[in-house]
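*Asks:* Per the working numbering: the sequence shown = residues 4 to 210.
Note that these hints are calculated values from the structure, not bench results. Only true hints are included.
No farther apart than 25 Å at their CA atoms in a straight line, the calculated lysine to aspartate or glutamate pairs in the DMTMM-like style are these: (1) K67 x D190; (2) K93 x D190; (3) K6 x D177; (4) K165 x D103; (5) K152 x E172; (6) K93 x D164; (7) K28 x E195; (8) K6 x D48.
Here are the simulated distance ranges between beta carbons: (9) G5 x E157: 20 to 28 Å; (10) K201 x E176: 36 to 44 Å; (11) I207 x P80: 24 to 32 Å.
Heads up, the beta-carbon is just placed ideally off N, CA and C, and yes, glycines get one too.
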Amino acid sequence: MGKIYTVILAAGSSSRLGFNKLLLKIDGETVIKRAITPFLSANIDRFFIVTGNNSDSLKEELKKTLVPLSSPLIFVPNQNYREGMSASVKAVLPFIKQADRVFFHLGDKPFVQQKMIHRMLAMLMDRNKNILLPQYRGMKGHPVLMNIKPYLQEMMLLEGDKGLREIIEKHLEDVLFIEGDEGSILDIDTIEDINQLKGRGYTIEEG
Numbered sequence: 004m005g006k007i008y009t010v011i012l013a014a015g016s017s018s019r020l021g022f023n024k025l026l027l028k029i030d031g032e033t034v035i036k037r038a039i040t041p042f043l044s045a046n047i048d049r050f051f052i053v054t055g056n057n058s059d060s061l062k063e064e065l066k067k068t069l070v071p072l073s074s075p076l077i078f079v080p081n082q083n084y085r086e087g088m089s090a091s092v093k094a095v096l097p098f099i100k101q102a103d104r105v106f107f108h109l110g111d112k113p114f115v116q117q118k119m120i121h122r123m124l125a126m127l128m129d130r131n132k133n134i135l136l137p138q139y140r141g142m143k144g145h146p147v148l149m150n151i152k153p154y155l156q157e158m159m160l161l162e163g164d165k166g167l168r169e170i171i172e173k174h175l176e177d178v179l180f181i182e183g184d185e186g187s188i189l190d191i192d193t194i195e196d197i198n199q200l201k202g203r204g205y206t207i208e209e210g
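Taking the hints into account, I'd like the entire structure generated from these sequences.
*Replies:* What follows is the structure in structure tokens.
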């Protein structure tokens with residue numbers, strides 16, 4: 004299978020909420036911890052966390068709450084995080100060029116399940132596709148599992164907040180869509196999102 008890396012994009016400013024949503028606690032666990040945990044049982048060679056806004060708080064939280072990893076977390080600062088998700092992708096590129104496959108996941112998607120990660124890795128062995136992507140109710144979700152080597156030049160030219168969507172849309176013939184679930188698309192952006200989680204019975208606390 005080769006070298007498998009995981010990149011968690013966690014540099015956003017949470018501007019719509021007014022506080023760092025990644026440190027929000029859902030049933031006692033922060034959003035960022037919940038986003039990372041499903042990858043920990045997979046055969047991942049290196050973990051990268053791209054930080055920008057409140058990076059010190061994120062580092063402290065993860066070092067305090069995550070169990071020791073076989074490969075330590077590598078924090079990659081994105082000084083240009085206000086320029087959108089593309090800046091985070093470009094910030095981490097120098098560290099991941101040698102990977103055979105890379106998981107890209109968003110730090111504000113805390114409901115992806117461990118079984119999805121293992122399923123994607125298993126399908127990677129059976130299918131000759133450069134991009135694996137969960138889809139749920141017609142919506143493209145996360146994580147994305149990519150062979151980035153054919154797209155490195157395009158990734159270096161990304162701009163704005165589209166991130167990898169631009170490359171995925173341009174190379175749909177390279178994409179294997181797999182059946183996702185609600186966790187593939189559910190994120191936290193607004194107070195309404197938080198209230199919906201509370202309505203489902205989750206306990207929500209500011210970190």
